[in-house]
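With the hints as extra help, turn the sequences into a complete structure.
Number of protein chains: 4
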Amino acid sequence: MKASIALQILPLSTDKGRLPVIEDVIEYLQKQPVRQLVTPFETVLEGEWEDLFPILGKAIELAGSQADNVFANVKINYGEILSIDEKLEKYSASAD
Amino acid sequence: MKASIALQILPLSTDKGRLPVIEDVIEYLQKQPVRQLVTPFETVLEGEWEDLFPILGKAIELAGSQADNVFANVKINYGEILSIDEKLEKYSASAD
Amino acid sequence: MKASIALQILPLSTDKGRLPVIEDVIEYLQKQPVRQLVTPFETVLEGEWEDLFPILGKAIELAGSQADNVFANVKINYGEILSIDEKLEKYSASAD
Amino acid sequence: MKASIALQILPLSTDKGRLPVIEDVIEYLQKQPVRQLVTPFETVLEGEWEDLFPILGKAIELAGSQADNVFANVKINYGEILSIDEKLEKYSASAD
Numbered sequence: 000m001k002a003s004i005a006l007q008i009l010p011l012s013t014d015k016g017r018l019p020v021i022e023d024v025i026e027y028l029q030k031q032p033v034r035q036l037v038t039p040f041e042t043v044l045e046g047e048w049e050d051l052f053p054i055l056g057k058a059i060e061l062a063g064s065q066a067d068n069v070f071a072n073v074k075i076n077y078g079e080i081l082s083i084d085e086k087l088e089k090y091s092a093s094a095d
Numbered sequence: 000m001k002a003s004i005a006l007q008i009l010p011l012s013t014d015k016g017r018l019p020v021i022e023d024v025i026e027y028l029q030k031q032p033v034r035q036l037v038t039p040f041e042t043v044l045e046g047e048w049e050d051l052f053p054i055l056g057k058a059i060e061l062a063g064s065q066a067d068n069v070f071a072n073v074k075i076n077y078g079e080i081l082s083i084d085e086k087l088e089k090y091s092a093s094a095d
Numbered sequence: 000m001k002a003s004i005a006l007q008i009l010p011l012s013t014d015k016g017r018l019p020v021i022e023d024v025i026e027y028l029q030k031q032p033v034r035q036l037v038t039p040f041e042t043v044l045e046g047e048w049e050d051l052f053p054i055l056g057k058a059i060e061l062a063g064s065q066a067d068n069v070f071a072n073v074k075i076n077y078g079e080i081l082s083i084d085e086k087l088e089k090y091s092a093s094a095d
Numbered sequence: 000m001k002a003s004i005a006l007q008i009l010p011l012s013t014d015k016g017r018l019p020v021i022e023d024v025i026e027y028l029q030k031q032p033v034r035q036l037v038t039p040f041e042t043v044l045e046g047e048w049e050d051l052f053p054i055l056g057k058a059i060e061l062a063g064s065q066a067d068n069v070f071a072n073v074k075i076n077y078g079e080i081l082s083i084d085e086k087l088e089k090y091s092a093s094a095d
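Residue numbers (numbering that gives the first Met the number 0), protein chains in the order written: chain R, 0 to 95; chain Z, 0 to 95; chain L, 0 to 95; chain F, 0 to 95.
Hints in this document: simulated from the structure, not taken from any laboratory.
What you are looking at is a predicted structure, and each value in this text was computed from that prediction instead of being measured.
There could be a bad hint or two in this list.
If chains are identical, the list can't say which one is meant, so a pair holds when it fits in one copy or spans any two.
[As the list claims (entries may be wrong)] Think about it this way: if two alpha-carbon atoms lie no more than 20 Å apart in a straight line, the pair counts; the simulated SDA-like pairs of lysine to any residue are: (1) Lys1 to Pro19; (2) Lys1 to Glu60; (3) Lys1 to Ile83; (4) Lys15 to Ile54; (5) Lys30 to Thr42.
Here you go:
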């Protein structure tokens, strides 16, 4: 089934600092062969549910390997959904 | 690893109506052998990550079997986290 | 207009510690004359939009007076909505 | 105080259809003199809290004037926060 997952990681307790953990998660996501877009508060992934859901799990586990306490906000859209491109085509990608 | 997952399902496109889909998901969750609490906007699950993550996946798929387009808000807390009881012990469970 | 607002505060940068800031926000909310329920991840307020929206603003500002960097997750339901009681009547308030 | 607000509107009950309501809210936001970015799930606003918070309220009310039941996800970051540009400078704005 088609799906879109938006992931925001907020490491709450870490010796490493919040940003390095977030950047490591984004680096992991960007290696995955699914369409994606980094936005200010979340990274949006698009593809097949069967592919995306395990990626979500591994991203949380990766953050958890670097921070004692990880909070994540996840939005899931599942089924007959609009694509990233369909959602953004009316709006320029550049910040205004 | 210890985890807590809060799930809110918002069926966006369904012949069945939003509430029956939400209630079916809650019924599924309540059959799972993990500590949980239904709150006005989300159901909070608590347990081991290895148990909770597959339950999250199946809950989304269940909603998707009954609605063409499912939106879900998911909060994940992973690692050295407070339990439901520890979070609520200062506050009475009754609405005020 | 009728509304329901759920507020989760995550102080990201504070000398005081996350929990004391969260507890101060809940203490402020509990003094407000609106129906409310503390849940593991968020406090749910219910009432008239005109009353609730300023309370949301003051809660954020209160957190911001005690932490350098505050993150908040807010859910807003506005219009012909279900009440807290209507949402929970099928489910026991006690954690299972 | 500096702030960033991300707003996702999900009209739950409307004769008009979900997308036209969402587009009207985005059109309203784009007329406001604050830096902003439309992303697949939310529009991110950046500026002074005193300016942004009333815009959030008016956006909700606008959606509520066109849909009987409006759900909104709002993220608020308040205080010493990173700007949209600082968050995105490492990542190309184009979907990958």
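Comparing the hints with the structure gives:
| no. | hint | result |
| --- | --- | --- |
| 1 | Lys1 to Pro19 | neither (31 Å within a copy, 23 Å between copies) |
| 2 | Lys1 to Glu60 | between (24 Å within a copy, 11 Å between copies) |
| 3 | Lys1 to Ile83 | within (12 Å within a copy, 29 Å between copies) |
| 4 | Lys15 to Ile54 | neither (23 Å within a copy, 31 Å between copies) |
| 5 | Lys30 to Thr42 | within (13 Å within a copy, 26 Å between copies) |
The structure is inconsistent with the numbered hints 1 and 4, although it conforms to all the rest.
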